[in-house]
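*Asks:* Chain by chain, the residues:
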Amino acid sequence: MIGVGGALAGAIVLLLVLLAWMRAEASSKDSRSDWGASDQEQGESVESCSPEIVSQIFSAPDSKFISGLESPGLENLFRRERTAVALHWVQETSALIGKIMRRHLEASRLSADLEIAVEVRIFLQYARLKLYCGILFVLIGLLGPQRLAGTALYAERFIQRIGEGLAEFQLAAQLQEREGSESL
Amino acid sequence: MSAMVKPLPVQEAYEDLLQRSLSRIPCDLGRLLYLASTRDYNTGNYHHDGLADRFSVKVARSALEIAHRQAFYKVAALSLEDLVRDLAAYLESSRENPEEFLRTWQRLEPYRIAIPMEVNPTVARLFASNVRLALAVLRLRQESSHLDR
Chain U
1 MIGVGGALAG AIVLLLVLLA WMRAEASSKD SRSDWGASDQ EQGESVESCS PEIVSQIFSA
61 PDSKFISGLE SPGLENLFRR ERTAVALHWV QETSALIGKI MRRHLEASRL SADLEIAVEV
121 RIFLQYARLK LYCGILFVLI GLLGPQRLAG TALYAERFIQ RIGEGLAEFQ LAAQLQEREG
181 SESL
Chain X
185 MSAMVKPLPV QEAYEDLLQR SLSRIPCDLG RLLYLASTRD YNTGNYHHDG LADRFSVKVA
245 RSALEIAHRQ AFYKVAALSL EDLVRDLAAY LESSRENPEE FLRTWQRLEP YRIAIPMEVN
305 PTVARLFASN VRLALAVLRL RQESSHLDR
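Here the protein sequences line up with chains U and X, keeping their order. Just so you know, the numbering used here puts 27 at position 27 of the first sequence, and the rest follows in order with no gaps. Just so you know, the numbering used here puts 306 at position 122 of the second sequence, and the rest follows in order with no gaps.
Chain X with its partners taken away, still in its complex shape (with noise of 0.2 angstroms):
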């Protein structure tokens, strides 16, 4: 999957992609979720104005979409003990309340938001199934310190 054929100008907009704007990210969930983000929801189109304005409107769609593909890929393969410290690191870069934030995530469920069009369903519910289960983890060692106070 990570053996994407890219044409050359996305190619160059994927590598200016990742060195301008992904690599400032601290965590691969927050990389993703932010490639998510560029996505239209009523299209399921990607724009990024600074990335369009360097290539073309197309070749950054392209780079974009390719990338997001492919961090998705990379947050669904990896195993649960580092997704749980992928979404700490995560929750910690977002700076808001964790107990507001876990609780959020648990009801809305917004990281459904950041699956990809025409990915394998399967590797999809294992995405959610995964953050699910990373969520009850994180959830779980918040009251057991919570008790320990």
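Extracted from the complex, chain U is given alone in its bound form (with noise of 0.2 angstroms):
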């Protein structure tokens, strides 16, 4: 049985995670508004940040340098403005992700031996990469951008990962595909 003591304690998490999660709502609000073309106007475009400009949003030595300068506003600005890029790339990371799947969703429809245990583990991973998202959102809100490096990084090489694999079946489906319609 969960005490008095633990209940309150899982309250006081969940209400922390639920501040910083409107935090960074209203953050990466701000940035929208900030940058024109919706994510509409974007296109389906399947095009991710590379590793390098993952490294620069997330860079401690950026960081590093701000906070040498010694001006308060100057620290706040940095916060400010990189919370929000970052906020905004794990927004992008996580449509990109849904849109992986639903590429890979159509392309199954065409395939005519479809595997479950390959599908139920494609699934697992778009759920376990949604959940890094979430996660990832979160975390921002409440430590900032600078200490989340490592783990940006890993999720964007797994979003590469996933998709190169994802192509790869995808084109595997529509030869398949094709196949089946020549020898008809």
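Don't read these hints as lab results, they were simulated from the structure. We treat Cβ as the ideally placed atom computed from N, Cα and C, and that holds for glycine. Watch out, some of these pointers could steer you wrong.
[Said to hold, decoys possible] Distance condition first, Cα-Cα at most 20 angstroms in a straight line; then the derived SDA-like pairs of lysine to any residue:
1) U:64 x X:302
2) U:64 x X:261
3) X:258 x U:59
4) U:99 x X:302
5) U:64 x X:263
6) U:64 x X:265
7) X:258 x U:55
8) U:99 x U:134
9) U:64 x X:324
10) X:258 x U:61
11) U:64 x X:269
12) U:64 x X:270
13) U:64 x X:316
[Claimed, not checked] Stretch-level coverage of chain U by chain X, calculated; a stretch enters the list once three of its residues show a Cβ under 8 angstroms from a Cβ in chain X:
14) 59-73
15) 82-95
Using the hints, put the two standalone chains together into the complex.
*Replies:* What follows is the structure, encoded as structure tokens:
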């Protein structure tokens, strides 16, 4: 049984996460209005950021450089700016995972011999990445992006690997479908 | 991003652009702004008279577009410290009044025009955010040098 203390601690943690989420949402909304093109206008391109850019967003040397200038105003501006960019990256990454998954589902429909085990594995990877993005979003709101460079780079590499894997799967499904229609 | 495959005439036009025009500009930000200035704001098409005469309008357009994207990604990937240095070099080469330059850039944000079409939106945001920060750093340095005097 969870005691009153445990329940109270749980409620406090939940409240903190909720606050961090709301704060993160507010900064990402600020940055959304800051930049014109909507996701719809971006079309269906599946281009992710390069690892160099991701490192740059979560860069500790940039943070050190700003700290060295000893200006609290500038440090606040830096924190705000980088948090907004990092949150935008998480949202864009999450949307990209969704696009990759949609494409995979379209390709799966064309596939003649679906393997349930493979599909389950892909779905679990998708769910894991989505969860990862959610956690990263809250953590950026709580801690700021500079402490999360390793986690962000891991997510980026993981997405690229999944993207490549799914692209191969899609190609194989298309080839199979073409062969099927030729043999008819 | 830098490893774009260019057809041969475009490659030649690109190298010509690098040698004749871009090599004379002393900083990355200056090269980026120069390339952005060859783009028509209404149509988004690039044009360069000399390059179009030597090659063709179409080839010149492609070479300029590739050069613009490459220059943009190069500046977007600069560390903040390097960007501050680059922006200071650009400010110096402009020979404008530094105070007025910084104030105008902070208000009008003309660097936003330097963003090519169809770039990754996060990279575009990072670029604009970094220039804002670099401007704030130069402004801070300027203010402290005024106080020192």
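*Asks:* Honestly, which of those hints from before does the structure not fit?
*Replies:* Hint 1 alone not satisfied by this model.
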